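Read top to bottom, the protein sequences are chains H and E. Going by the UniProt record's numbering, the first residue of the first sequence is number 1, and it counts up by one from there. Going by the UniProt record's numbering, the first residue of the second sequence is number 1, and it counts up by one from there.
Quick caveat, the hints were computed from the structure, so don't treat them as lab data. Bear in mind that the values here come from a model prediction, so they are computed numbers and not experimental data. A portion of the hints provided could be inaccurate.
Okay, derived cross-link-like pairs now, SDA-like style, lysine to any residue, Cα gap no bigger than 25 angstroms in a straight line [unchecked claim]:
1) E:K59 with H:D74
2) H:K195 with H:F106
3) E:K164 with E:K59
4) E:K23 with H:K195
Beyond 10 angstroms from chain E on every Cβ pair, some chain H residues (computed) [what the hints assert, rightly or not]:
5) Y44
6) R54
7) Q80
8) A86
Where is the CB? At the ideal position from N, CA and C, for every residue including glycine.
Protein chains: 2
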Amino acid sequence: MVVKVYGPAYASPKRVLLCLVEKEIEFETVPPFGFLPVIQDGDYTLFESRAILRYYAEKYKSQGTDLLGKTIEDQGIVNQWLEVEAHNYHPPLITLVNHIMFSPHFGIVRSEQVIEESEEKLGKVLDIYEDRLSKSKYLAGDFFSLADLSHIPFTNYLVGPIGKGYMIKDRKHVSAWWDDISSRPSWLKVLEICK
Amino acid sequence: MVVKVYGPAYASPKRVLLCLVEKEIEFETVPPFGFLPVIQDGDYTLFESRAILRYYAEKYKSQGTDLLGKTIEDQGIVNQWLEVEAHNYHPPLITLVNHIMFSPHFGIVRSEQVIEESEEKLGKVLDIYEDRLSKSKYLAGDFFSLADLSHIPFTNYLVGPIGKGYMIKDRKHVSAWWDDISSRPSWLKVLEICK
């Protein structure tokens, strides 16, 4: 059964593709509809990117890269940083994406004040990451996990079209982490598929 | 080993307490510090409420209420609705909490426009819930799960101190769901502990 992934042009579906490549799961991409991303796996349908990541990481635990951690305690730490990504890192970053990349489309009016405030918020989160990554190679420990993976597609906007790569480069440990995770063959493959 | 839960006075830690009661896990509450909620379980520390819920639901899968679902597919649906709670339901609700309950504390200036917009956003999410709950008793299916549990503490603010209980009552299936989940002995116990 080939997994169908809807809407590969956007960043959240790329998060899902990245997970499928790491897990060595066959898929095909389909133009988008409604909620994004959505997967169809036989007659099973799931939306919300992080729920999809968890589903495949669990279902194919022993295939491809282990993205969950070996023990329940490690998995707790992976989930903790995945929540930090969702609730602290992603909101100011998606605001930057909307105001810098997508304005004036989708009815978004660019606001310099919002951009400035979002950059400040994101900087504070990156300071916490800098501290964390000075103590461990990846966010959840010494292994690459869903917590790291989930950052890749939108951070790629930050260092690329948003033009704020200095937010990563100016932080030594964050910069080394980004160089590591963004050069994984899985991410290069997703970029190739979606170009 | 008794689990320590920091900051029981607030709603997010109540989400954790509710999970511990459902899972029949012993705990003690401790006044808050920094990030909220935090648990200490021996020398293991975890923050972010939904990561804590997942940790205990998984670690004690066969003890107390099963909050994850029996199959990996069911768990995927639980995670999907837990993400909807986190990204769609919670943000407008916490904005209502801040502007109605906590203004003018914490430097929050009450804005009627923000309140109106947040109520409209939350109403649209509740319309999706109304449709979903017309087809299944609980969000993830015919069983109570983390997806339902995670809604309880903040929805209790909505129907109580925020004074917008009509948003629940005016939707037949949402109302029946709320009556069901908010009368669980675990929630009554958490309210008793935290009063």
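The hints, checked one at a time:
Restraint check for K59 (chain E) and D74 (chain H): the C-alpha separation of about 12 angstroms stays at or below 25 angstroms, so the hint holds. The hinted pair formed by K195 (chain H) and F106 (chain H) meets the criterion: a straight-line CA distance of about 22 angstroms does not exceed 25 angstroms. Using a Cα cut-off of 25 angstroms, the hinted pair K164 (chain E) and K59 (chain E) is violated, with the two alpha carbons roughly 37 angstroms apart. Between K23 (chain E) and K195 (chain H), the direct Cα distance comes to roughly 47 angstroms. Violation of the 25 angstroms bound is thereby established for this hinted pair.
With a minimum CB-CB distance of about 6 angstroms to chain E, Y44 (chain H) fails to clear the 10 angstroms threshold, and the non-interface call is violated. Look at R54 (chain H): its CB is around 5 angstroms from the nearest CB on chain E, not clear of 10 angstroms, so calling it non-interface is violated. In this structure Q80 (chain H) is not separated from chain E by more than 10 angstroms, as the shortest Cβ-Cβ distance comes to only about 4 angstroms. At roughly 7 angstroms from the closest C-beta of chain E, the C-beta of A86 (chain H) falls inside 10 angstroms, breaking its exclusion from the interface.
Hint violations for this structure: numbers 3, 4, 5, 6, 7, 8, all remaining hints satisfied.
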